[in-house]
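Chemist: Guided by the hints, dock chain B onto chain A, whose structure is given.
So the sequences go chain by chain: A and B.
Its first residue numbered 1, the first sequence is counted upward by one per residue in the numbering used here.
Its first residue numbered 810, the second sequence is counted upward by one per residue in the numbering used here.
Source of the hints: derived by calculation from the structure; they are not laboratory data.
For clarity, every value in this text was computed on a predicted model and none was experimentally measured.
Any given hint could turn out to be false.
Unchecked claim - Result set (SDA-like, lysine to any residue): computed pairs, CA atoms no more than 25 Å apart in a straight line: (1) B:K1486 x A:K318; (2) A:K677 x B:K1410; (3) A:K560 x B:K1465; (4) B:K1410 x A:N665; (5) A:K560 x B:G1199; (6) A:K28 x A:S120; (7) B:K837 x B:K1116; (8) B:K1342 x A:R265.
Unchecked claim - With beta-carbon atoms standing in for the labels, derived distance ranges: (9) A:V212 x B:Y831: 26 to 34 Å; (10) B:V1021 x A:K29: 52 to 60 Å; (11) A:L616 x B:T884: 46 to 54 Å.
Heads up, the beta-carbon is just placed ideally off N, CA and C, and yes, glycines get one too.
There are 2 protein chains.
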Amino acid sequence: MESNVIFLPIALSVLGLLFMLYKMSWVKKQSPGSDRMQFISKSVKEGALAFLHAEYRLLAIFVVIASAALFYVSTLVDLTSWMIVPAFIIGAFFSGLAGNIGMRIATDANARTAEAAKTSLPNALKVSFGGGTVMGLGVAGLAVLGLSLLFLFFLGQFMGMENYDFYTKMTIVLEALAGFSLGAESIALFARVGGGIYTKAADVGADLVGKVEAGIPEDDPRNPATIADNVGDNVGDVAGMGADLFGSYVATVLAAMVLGNYVIRDMSETVQHTDLFNNMGPILLPLVIAGVGVLASILGTFLVRIKDNTAKEPQVQKALDIGNWASIILTLIASYFLIDWMLPETMQMRFFGEASAKMIPSMNVFYAACIGLAVGALISFVTAYYTSLGKKPVMDIVQNSSTGAATNIIAGLAVGMKSTFASVLLFAAAIYGSYELAGFYGVALAASAMMATTGMQLAIDAFGPIADNAGGVAEMSNLDPEVRERTDILDSVGNTTAAVGKGFAIASAALTALALFAAYVTFTGIDGINIFKADVLSMLFVGGMIPVIFSALAMQSVGKAAMEMVQEVRRQFREIPGIMEGTATPEYAKCVAISTNAALKEMILPGLITIITPILIGLIFGAEPLGGYMAGVCVSGVMWAIFQNNAGGAWDNAKKSFEAGVMINGKMEYKGSDAHKAAVTGDTVGDPFKDTSGPSMNILIKLTCLVGLVIAPVLGGHTADDSELGNTTVKEVMVVSEDGTTTTLTDEQAANVTAINKQVTIEYSSNDDVTTAKVSSLTIVNGEEVKEEKTFTGTEEEVKRQIEAFKAQ
Amino acid sequence: MESNVIFLPIALSVLGLLFMLYKMSWVKKQSPGSDRMQFISKSVKEGALAFLHAEYRLLAIFVVIASAALFYVSTLVDLTSWMIVPAFIIGAFFSGLAGNIGMRIATDANARTAEAAKTSLPNALKVSFGGGTVMGLGVAGLAVLGLSLLFLFFLGQFMGMENYDFYTKMTIVLEALAGFSLGAESIALFARVGGGIYTKAADVGADLVGKVEAGIPEDDPRNPATIADNVGDNVGDVAGMGADLFGSYVATVLAAMVLGNYVIRDMSETVQHTDLFNNMGPILLPLVIAGVGVLASILGTFLVRIKDNTAKEPQVQKALDIGNWASIILTLIASYFLIDWMLPETMQMRFFGEASAKMIPSMNVFYAACIGLAVGALISFVTAYYTSLGKKPVMDIVQNSSTGAATNIIAGLAVGMKSTFASVLLFAAAIYGSYELAGFYGVALAASAMMATTGMQLAIDAFGPIADNAGGVAEMSNLDPEVRERTDILDSVGNTTAAVGKGFAIASAALTALALFAAYVTFTGIDGINIFKADVLSMLFVGGMIPVIFSALAMQSVGKAAMEMVQEVRRQFREIPGIMEGTATPEYAKCVAISTNAALKEMILPGLITIITPILIGLIFGAEPLGGYMAGVCVSGVMWAIFQNNAGGAWDNAKKSFEAGVMINGKMEYKGSDAHKAAVTGDTVGDPFKDTSGPSMNILIKLTCLVGLVIAPVLGGHTADDSELGNTTVKEVMVVSEDGTTTTLTDEQAANVTAINKQVTIEYSSNDDVTTAKVSSLTIVNGEEVKEEKTFTGTEEEVKRQIEAFKAQ
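Looking at chain A on its own, in the form it has when it is part of the complex (with noise of 0.2 Å):
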């Protein structure tokens, strides 16, 4: 059992994926409805696949670039196999098949669940839950598999090779694993924006015209820009989704297993070390809780379900509770056994910046586990707080409503602002918190436990966006207002899980991209990263600029999108009679183009600008540096993304706070006062920043981090590089102190003189232009001694340059 365990999680996630069939078919079998609703939601469907798959052609030309660079990367250094390659693409396809299984799903799911609220509520949510599940199911199951077999492929490749150690054999694997979920987050980054400036130009679009000009309500099948705006919830919000989560699930398991690596390296300086599990328990749990936390969400599933047509939003958001934290404590409960058997009892670990290594037991990886999921739970207690009908945030922008657009804008801005605070200090809690517990293993651990139950998280989150899509069926097709008003209530519980489900993810993104930028730092070898050092302080700066510039792009591109549409359904109105009575159909195929193009277009700047920007600083500046900007990104990042979501979220609900009434200044207003429309101002500006940028903040900081990882090798400082140097293990260090006495330094003191600074000697010579210059260097690294030597030829320029990099190293 204990040699094949990694067959569990391969097992686990091919269940996964049989429950996610069986439900699709369920799903499919229902009624589609009356020919109208047919038709609706085939336009939807086609618009959304012609989406996804103008995307795929663009993004299989940054796949081939991309392999192409990697590949090249892998020839550079010993430490990355050219499998890498194959195992981005594989990541690449793997995320966007889970994108394309989701937005099928969807796209099927909504007139029949349109259909379904035609009988009961219960159905209803029955038939868009079970959409939600096949989408989650299938994000996590494929994530499990891939992960799970690609590791297991790669043990047998690499862990045969001789010459090299346990630790450095493993590094190979991981880092060839690495470019799996480079890939799957390659893919997010796109689908996340693209997907993001698609739904907002044309919700933006479709409101401005349509609500505001024409007058007319949501959804109504004489506004040219309806369909693209549906289209738009289903690549928004569930393909983007899906490739997000799908990204985050990977990268925090392969975070983990990275530093369980270290872990195992740490352990092995002792007698510790075990054979459980060939040596691999560290590694190989993350993969096991991601296992048993598909099982664990396909049990959770079976509990969503409501029984009283009557109900209202509170029953539908229990059911949805219930499920949730029945899936989250299995989870848990499997977690402790888990660890208690994967783990040796007691591990030993090195701290950074400490003398001696620690003995951590094993329970408080579960205890960190336990903070991951405490604090998720609390930011997203937190978030719900900030963005919810009726509390004090939500009721503060309502009030400032009456005053005008402006007075709304700068409640919604401070609102969003304020919500940091809580987040914030919730999130340096979890860090400090399972730091201490068990290092930054303990914080991958956190964000592991975070995440493992992305398949129940994500089909919480995708019904939403297909009940909302059902409740446009059902306006187009001018259903009976009772099949209206029971979608209603299922799009609003999925508005809140939306709102909470992006402070979980940001908050799961946040921990995972830390221990990416940890286990970034502990492969380079580099001594930390010091923002006492002028380089890596200026890329401190360089790196918090980055989340706003994407911001900026993102919700600029939002602008141009929607003014284009704006125009567009303006000109519909204008030009083709007939419109506004019904008699005419206007031309939605329009709109869905203008949306699709501007998406595709728009998402390619600050998706370059996410990935190349860390290769440059890495190879021009080096790898501390680099370390500083990807802190300066997760720390402007979270913040950004916190801020925008949050704000969102308010702006949101204080506008649909109006639907029921608000009492401002003693006075009840609805829909339609003046106050109501200061607010639909505030929710417009708030789409971009919920929808667009906010989300893609997560992105940002992963695949930042990500890229670091992989690039990690070529910027050099790893020891796997010892074999070219003469260096030998210092014996001992004798320190002779001028009163005369020795000290002979301990084996662990010794073992800890690691700033004896690099000694560099250089000798250069010149003929006519070409400087050569030999260098040698004496290191203590680590209680060894390090020789060196280098020889550069060059220009003058050149052979400078490169003995700079090579004392920096």
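Modeler: For chain B alone, kept in the frame of chain A given last:
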């Protein structure tokens, strides 16, 4: 001469103050105009002074409490003298005095400018710029005088102490002098925040009801909030900004002096040590440059003049530019000779993380100063681009106004975000470049060079609000439209200089903060700020959150106060018959009182957060996490400052664009159009951004680092405690390899053996509930063996905590 060079800045600052008095009496001699004009001017002055006095009463309480705390700190550690308390009080007093002088002259100059505008534009410029000059030279003169006199006094007090070396004595001097800066910056914080809240509450309140609801023009005497609005211009843009720049100026010079002391320490290791300037060249240099800057500012003011009465904005701008650049160039030329004279030809400097000290030619310091000026100018240029009329960013916002307030807001937010790109890159380049040239001393001198001509900068900045007020007086006194046209020209130029000045202010504040940060790290003697430690990383996140929360609180305060103002104005319109017909006088004083009370109440919380948070973090987590916190505040603060300032500036000018008419979609749009109304909404949102929360970031980041520097001695780690320890100098360090070879490290290498981690031996003994622990440690720090023994007693918890703290030292 050389030993008395300290009298040079004293003499120059006195000269500056005398010139200020001369200008003040000249302005006062000008005709204050008709009775009506004098009445309005007096109302504004009374309102402004009433606010200042109420503010001072509140601040007096703060000063007393803070003094007591500072006194307590000074009793804890050797390096902090109790004289930091009087220095703090004097700093607070000088800051208040500078604000008071500026406020009085500004409120005297407004009616006189309006009166002068009756005759000609050149005369109006002369009077308003005369008022600005009084403000500028008052601030600069008081700053340099206060710093120089206190420095001279502390030199006399402490340099004669025995048992301390030069460097340690100077540290005590500079630590006491830091009190002056802390006092100035604390007052600046409250003045900036309070003033910012005041001015925008009045402005937004006046605009929302007056312009938008009642449809009466700006500064219309029928608007009850109009006097409060004009008072606001003075307490925010004059007193607030004056206190801000006073604080920056002092902090910049102080930081450069502290870093100069480290240069002297590094130099004292070699023979290069000379008795030039009693060894104080690098410390005195920033003070002398500041003194020369005062003189250059005086000379520059003579060049600000126009002759042509038909001049427009470009001519006025050009006159200001000539004066500004003349004083900058004069200062730069003088700096060249001062650096050559006051610094040794080459200086030995240690760069963190590098093995050996570097030899730095003194001219590198001059080049660093040039970088400071160049980057300051370029950042101003970038700011101007993003906020100026007719440039692409503002035109983008204008275009987006055609589809309503929402797209206007989205476009404005995007412009603000995008403007961080070039600014941050320039700023990172400034850090990198000036550090490469001359270490953190170079960074400090770059900031000093930027700030040297503060007198002139502030004269230019302060003339704007005076002209703005003059326009208000003209409007409320029903003067000839020609007068308003002339003051409008000055006001419009003032808006541009204000936006550019803000770019300059944040750049210099950030460089100053970094210099203070460097001084802090060097002072505490910690091993840099390594964000690969979880506690440091957590605090980096917490620090990054503070500017966001600060901005949220400031904006929310404005929102709250503006709402109150709106209700009051509406009430007056409703309850006082005849206001709109001009037959009844509104109750101006009630609106003034609302702004005053709101500003005083609302400035407390953000102020306390700024001051108390770093103290708590330092005491609870220690020196290095506090460093992480500082860095987080700086990175995030710079980003939010640029974002908010530039978004606000761009919205303002987008709105102004409609005055001359703009072409949107092939149609000319003017004031009163729907697009214009959307632009007014954007401007209202931008008001608190650019005048309250944005500029407060400057002070937040400076004060955070200053508080850190002041409490640094409490956080320990300073070498003056060495006398307590049994440390001896290491004679040699031998490394014996396993292959038998022995390497004796060179002195230089041995001197860099810093990271033999502390070996801590602990002997516990327990007696009833009292645990005693004898702790001894061996550390090698910079080639010195440091043995340390401590005994801790207390409960087990307490002892453990003490041991942890001891280990972390």
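Chemist: Given the hinted pair K677 (chain A) and K1410 (chain B), is their alpha-carbon gap at most 25 Å?
Modeler: violated (32 Å)
Chemist: So if I understand the rule, the pair passes when the alpha-carbon distance is 25 Å or less; does K28 (chain A) with S120 (chain A) pass?
Modeler: holds (18 Å)
Chemist: Can you confirm whether the C-alpha distance between K1342 (chain B) and R265 (chain A) stays at or below 25 Å?
Modeler: holds (19 Å)
Chemist: Check whether the Cα positions of K560 (chain A) and G1199 (chain B) lie no farther apart than 25 Å.
Modeler: holds (20 Å)
Chemist: For the pair we were handed, K1486 (chain B) and K318 (chain A), check the Cα-Cα distance against 25 Å.
Modeler: violated (45 Å)
Chemist: Could you say whether the range 52 to 60 Å given as a hint is met by the Cβ separation of V1021 (chain B) and K29 (chain A)?
Modeler: holds (58 Å)
Chemist: Per the hint of 46 to 54 Å, is the separation of the Cβ atoms of L616 (chain A) and T884 (chain B) within bounds?
Modeler: Holds - the Cβ-Cβ distance for L616 (chain A) and T884 (chain B), about 52 Å, lies within 46 to 54 Å.
Chemist: Under the criterion that the straight-line Cα-Cα distance not exceed 25 Å, is the pair K560 (chain A), K1465 (chain B) satisfied?
Modeler: With Cα atoms ~23 Å apart, K560 (chain A) and K1465 (chain B) stay inside 25 Å; holds.
Chemist: Given the hint that K1410 (chain B) pairs with N665 (chain A), test it: the Cα-Cα distance must not exceed 25 Å.
Modeler: With Cα atoms ~23 Å apart, K1410 (chain B) and N665 (chain A) stay inside 25 Å; holds.
Chemist: Decide if the proposed pair is consistent with the structure: K837 (chain B) and K1116 (chain B), CA atoms, cutoff 25 Å inclusive.
Modeler: holds (22 Å)
Chemist: I want to verify a distance hint. Is the separation of the beta carbons of V212 (chain A) and Y831 (chain B) within 26 to 34 Å?
Modeler: violated (60 Å)
Hint check: violations occur at hints 1, 2, 9; the rest are consistent with the structure.
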